[in-house]
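Between the sequences and the hints, there should be enough to build the whole structure, so can you do that?
Each residue of the sequence shown is one higher than the one before, counting from 15 in my numbering.
Quick caveat, the hints were computed from the structure, so don't treat them as lab data.
None of these values were measured; they are calculated from a predicted model.
Hints may be right or wrong, so weigh each one.
With a straight-line cut-off of 25 Å between C-alpha atoms, the simulated DSS-like cross-links for lysine-lysine are [what the hints assert, rightly or not]:
hint : residue 1 : residue 2
1    : 57        : 26
2    : 67        : 57
3    : 56        : 26
4    : 56        : 67
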Amino acid sequence: MHNVYEAFFFLKYSGGWSFSEAYNLPVGLRTWFVERLVEQLKKEAEIIENASKGGNNSGAQTLSAFNQPTAPPNIK
15 MHNVYEAFFF LKYSGGWSFS EAYNLPVGLR TWFVERLVEQ LKKEAEIIEN
65 ASKGGNNSGA QTLSAFNQPT APPNIK
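Written out as structure tokens, the structure is:
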């Protein structure tokens with residue numbers, strides 16, 4: 015049960031989820047979101063570290079009104 019509460023805390027603290035949102039997710043989907051959030055935070059930490067070293071090999075770019083990502087085609 016401790017691991018479940020840790021997942022709730024992680025989604026709330028790092029992902030901005032409410033407790034009820036995290037609680038009501040099916041277990042498999044909640045696990046996917048936790049794993050995906052971990053992956054995203056690692057990528058962001060790597061980009062920040064490279065930027066602080068003056069490196070520009072991370073492939074990161076600054077978003078503007080002209081290069082915003084679009085929603086997936088099945089989302090309207």
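Evaluation of the provided hints:
no.	hint	result
1	57 x 26	holds, 19 Å
2	67 x 57	holds, 15 Å
3	56 x 26	holds, 17 Å
4	56 x 67	holds, 17 Å
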